[in-house]
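Participant: Build the full structure now, drawing on both the sequences and the hints.
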Amino acid sequence: MAKGIREIRRSIKSTKNTRQITKAMKMVAAAKLRRNQEKAEAARPYADKIQEVIASIASGTSGSKHPMLQKRPVKKTGYIVITSDRGLAGGYNANMLRKVVTTINEKHKSKDEYGIFVIGRKGRDFFRKRNYPVLEEVTGLPASPTFADIKKIASAAVQMFANEQIDELYLCYNKFQSAISQIPTVKQLLPLEAPESSEVRTINYEYEPSSEEVLADLLPKYAETLVYSALLEAKASEEGSRMTAMGNATDNATDMINRYTLSYNRARQAAITQEISEIVAGANAQA
Amino acid sequence: MSKMTVEVVTPERVVYSGQAEMVIARGVQGDLGILPNHMPLVSPLKIAPVRIKTEGDKEVKMAVSGGFLEVRGDKVTILAETAELPGDIDVERAKAAKARAEKRLAEKYAELDVQRAERALQRAMARLDVTK
Numbered sequence: 003m004a005k006g007i008r009e010i011r012r013s014i015k016s017t018k019n020t021r022q023i024t025k026a027m028k029m030v031a032a033a034k035l036r037r038n039q040e041k042a043e044a045a046r047p048y049a050d051k052i053q054e055v056i057a058s059i060a061s062g063t064s065g066s067k068h069p070m071l072q073k074r075p076v077k078k079t080g081y082i083v084i085t086s087d088r089g090l091a092g093g094y095n096a097n098m099l100r101k102v103v104t105t106i107n108e109k110h111k112s113k114d115e116y117g118i119f120v121i122g123r124k125g126r127d128f129f130r131k132r133n134y135p136v137l138e139e140v141t142g143l144p145a146s147p148t149f150a151d152i153k154k155i156a157s158a159a160v161q162m163f164a165n166e167q168i169d170e171l172y173l174c175y176n177k178f179q180s181a182i183s184q185i186p187t188v189k190q191l192l193p194l195e196a197p198e199s200s201e202v203r204t205i206n207y208e209y210e211p212s213s214e215e216v217l218a219d220l221l222p223k224y225a226e227t228l229v230y231s232a233l234l235e236a237k238a239s240e241e242g243s244r245m246t247a248m249g250n251a252t253d254n255a256t257d258m259i260n261r262y263t264l265s266y267n268r269a270r271q272a273a274i275t276q277e278i279s280e281i282v283a284g285a286n287a288q289a
Numbered sequence: 098m099s100k101m102t103v104e105v106v107t108p109e110r111v112v113y114s115g116q117a118e119m120v121i122a123r124g125v126q127g128d129l130g131i132l133p134n135h136m137p138l139v140s141p142l143k144i145a146p147v148r149i150k151t152e153g154d155k156e157v158k159m160a161v162s163g164g165f166l167e168v169r170g171d172k173v174t175i176l177a178e179t180a181e182l183p184g185d186i187d188v189e190r191a192k193a194a195k196a197r198a199e200k201r202l203a204e205k206y207a208e209l210d211v212q213r214a215e216r217a218l219q220r221a222m223a224r225l226d227v228t229k
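So the protein sequences, as listed, match chains A and B.
Quick note on numbering: our numbering labels position 103 of the first sequence as 105, and the sequence is numbered without any gaps.
Quick note on numbering: our numbering labels position 84 of the second sequence as 181, and the sequence is numbered without any gaps.
Since the hints were made in silico from the structure, they are not lab data.
Just so you know, even glycine gets a beta-carbon here, dropped at the ideal spot from N, CA and C.
Just to be clear, a hint being listed does not mean it is correct.
[Stated by the list, open to error] Short derived list, chain B residues pointing at chain A, Cβ under 10 Å: (1) 167; (2) 168; (3) 194.
Facilitator: Below is the structure:
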């Protein structure tokens, strides 16, 4: 590298600064990841319980007639796409958006056939810039979102399905596998697959006012809960992805610093050698 | 007096979990009083306070909205979008919300979302009731 000593020293310094930032971001992401995992854990009893009750109603004969459980001819499809507000999370958003775009291109010919509900600034900017039909958007969610934060968009999507403005609803999010592996997933949300009752012991409940009305009350809630748990999972994925990306960045920065330090020392050594040989040459000339 | 297990769960966390002698909640068809060994029951709840009698005169009140109640064996589970214990409630904010909702309902302009305003009013009243 033909850089002067001063430039090399400057690059070392700036790379060190970068490393400090990426290191800090990695640690913050690790802490947030843990918190989000706990949160996802805490949300589970609610979802499980609703699922249990719906399963026991749907397993009865009367339940399956509800429109949210029935397939109908698809004229328009809705997609709920969950992305992050901030970048520096590796391929988190890019992978998700690529997957969504591929799915849309495969399934639809014109823009009238689908609509997008987008969560997260990155996704919103992406779809806006490319003129995709965005029906609803939510940005600026906190690191650990509450149910109320996404209630609006979730119930808007569910409502549109109930009004038959859309006939299918897909949920697109990064499924959390581990801190280093997240899988972009497109999952059908509506019409709901009637959840299978895992237990054999289905109980004959007394429904008040009637099983149909209870089901009509519960199904939208269940769908919203699914959106919420997908969001929590996506948030965990985001932090996991960011943690990995920042870990790699920190490693790369360390590598670069080592390389710069080596060439800095070489350059310094060369300068000293040159200086000595100049002095020696000068002394020799005088003698 | 015999007891049953009561759990109040929201999407975010388990708000309350404990033993109780009686649970009083407002179902869509009227008030429900649940004693131990009630038959299995599922009912949506109105936006209203839920009272859980733990022992003798002691009771826990909470403001529940968007919930439903499930009774099964000796366990009562209340699932709700929000459930707040008196300690979690900001009284001033609830009062302000109540005033706002009342004002909105009184004005009656055309694009008013009556249902939404009514729900807001109910929530505020349930919260204030619980903190009384």
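Participant: Now, for every hint given, state plainly whether the structure supports it.
Facilitator: Outcome of the hint check:
| no. | hint | verdict |
| --- | --- | --- |
| 1 | 167 | 6 Å, holds |
| 2 | 168 | 8 Å, holds |
| 3 | 194 | 14 Å, violated |
In this structure, the one hint that does not hold is number 3.
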